[in-house]
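Student: Top to bottom, those sequences are chains A and B.
Residues in the first sequence are numbered consecutively from 7, following the numbering used here.
Residues in the second sequence are numbered consecutively from 123, following the numbering used here.
Calculated from the structure, these hints are not laboratory results.
Beta carbons are placed, not taken as given, at the ideal position from N, Cα and C, and that holds for glycine.
A hint or two may mislead.
[As the list claims (entries may be wrong)] Capping the alpha-carbon separation at 16 Å, the derived lysine to aspartate or glutamate pairs in EDC-like fashion look like this: (1) B:221 to A:50; (2) A:84 to A:7; (3) A:48 to B:188; (4) B:221 to A:24.
[Unchecked claim] To give a feel for the contact side, a few chain B residues facing chain A, derived at Cβ under 10 Å: (5) 144; (6) 147; (7) 151; (8) 158; (9) 160; (10) 164; (11) 167; (12) 168; (13) 171; (14) 208; (15) 212; (16) 216; (17) 220; (18) 224; (19) 227; (20) 231.
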Amino acid sequence: EPEVTQTPSHQVTQMGQEVILRCVPISNHLYFYWYRQILGQKVEFLVSFYNNEISEKSEIFDDQFSVERPDGSNFTLKIRSTKLEDSAMYFCASSLGKNSNQPQHFGDGTRLSIL
Amino acid sequence: AQSVTQLGSHVSVSEGALVLLRCNYSSSVPPYLFWYVQYPNQGLQLLLKYTTGATLVKGINGFEAEFKKSETSFHLTKPSAHMSDAAEYFCAVSASFQKLVFGTGTRLLVSP
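Next up, chain A with everything else stripped away, as it sits in the complex (with noise of 0.2 Å):
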């Protein structure tokens, strides 16, 4: 069955320095997403993206973060300037369409320690 995968695994920053996340969506898909989950709290929405566009973002997603598709297969997800509270594991999902068959499909997530 086809998978989002998400590279790295695991990413070290010091905090200030800018971070790259990487996920390439299952292939055909036209929607997708990231969230990002706080050690021990729930998992929350950041930004979706269609078309090569934002279509909907949360608060969390502010001026520090950006989103880009760079080409036909990579999404990526940019944080600017690393605080400690973007530690976090961050989840990249994309699904085929937005109606009820057809869910979106997770990723296994990075984990990004600001140090």
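Please build the complex by placing chain B on the supplied structure of chain A, with the hints as guidance.
Tutor: Below, chain B without anything else, positioned relative to chain A:
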């Protein structure tokens, strides 16, 4: 706005016993409801979903859930627990299929 409450951060059952994981939702529009499972060091896997139609939905691995509008609930059940069911379970609600709003999760522990 949508929200989800999962009662019980941990649920312990014996192998072969009934599994019941509780989820209550709040939604200003007819909700779409989901249960996801997360095994250690893995992503979220869809167990089942309710959109419209039949209120009792069956998912993978023998799990099922019933949508009860009057109780605003979507509890997850399985008649007989297996050791392999030990994982974290997340209930989620969505109005648009784009933004999923998750509960805090329930860790299921299964003892022999």
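Student: Work down the list of hints and note, for each, if the structure agrees.
Tutor: So, going through the hints one by one against the coordinates:
For the suggested pair residue 221 (chain B) and residue 50 (chain A), the alpha carbons sit about 9 Å apart, so the restraint of at most 16 Å is met. A threshold of 16 Å between alpha carbons decides the hint, and for residue 84 (chain A) with residue 7 (chain A) the separation of about 28 Å lies outside it, so the pair is violated. Between residue 48 (chain A) and residue 188 (chain B) the CA atoms are separated by roughly 23 Å; this puts the pair beyond 16 Å, and the hint is violated. Proposed proximity of residue 221 (chain B) and residue 24 (chain A) is contradicted: the alpha carbons are some 26 Å apart, above 16 Å.
Hint status for residue 144 (chain B) relative to chain A: violated, with the closest Cβ pair at about 15 Å, above 10 Å. Interface restraint check for residue 147 (chain B): the shortest CB-CB distance to chain A comes to about 14 Å, outside 10 Å, so the restraint is violated. Annotation: residue 151 (chain B) was flagged as interfacial toward chain A, and the flag is violated, the nearest CB pair being 14 Å apart, outside 10 Å. Contact between residue 158 (chain B) and chain A, as hinted, is supported at the beta carbon level, the nearest pair being about 8 Å apart and thus within 10 Å.
The interface hint given for residue 160 (chain B) is met, as the beta carbon of that residue sits about 9 Å from the closest beta carbon of chain A, less than 10 Å. Here the hint on residue 164 (chain B) is kept, as its CB sits about 5 Å from the closest CB of chain A, short of 10 Å. Because the closest C-beta pair between residue 167 (chain B) and chain A is about 7 Å apart, less than 10 Å, the hint holds. Given hint, residue 168 (chain B) at the interface with chain A, holds; its Cβ is 5 Å from that chain's nearest Cβ, closer than 10 Å.
With a cut of 10 Å, the hint placing residue 171 (chain B) at the interface with chain A holds, because the nearest CB-to-CB distance is about 6 Å. At about 18 Å, the closest approach between the beta carbon of residue 208 (chain B) and any beta carbon in chain A exceeds 10 Å, and the interface hint on this residue is violated. Of the supplied interface hints, the one on residue 212 (chain B) holds, with its beta-carbon coming within about 6 Å of a beta-carbon of chain A, less than 10 Å. The beta carbon of residue 216 (chain B) is positioned within 10 Å of a beta carbon in chain A (closest approach about 9 Å), and the interface hint is therefore held.
Proximity of residue 220 (chain B) to chain A holds as hinted, the smallest CB-CB distance being about 5 Å (cut-off 10 Å). For residue 224 (chain B), the interface hint holds, the least distance from its beta-carbon to any beta-carbon of chain A being 4 Å, beneath 10 Å. The criterion of a C-beta within 10 Å of any C-beta in chain A is met by residue 227 (chain B), whose closest approach is roughly 7 Å, and the hint holds. Taken as an interface hint, residue 231 (chain B) does not check out: its beta carbon lies about 17 Å from the nearest beta carbon of chain A, beyond 10 Å.
When each numbered hint is compared with the structure, violations occur for hints 2, 3, 4, 5, 6, 7, 14 and 20.
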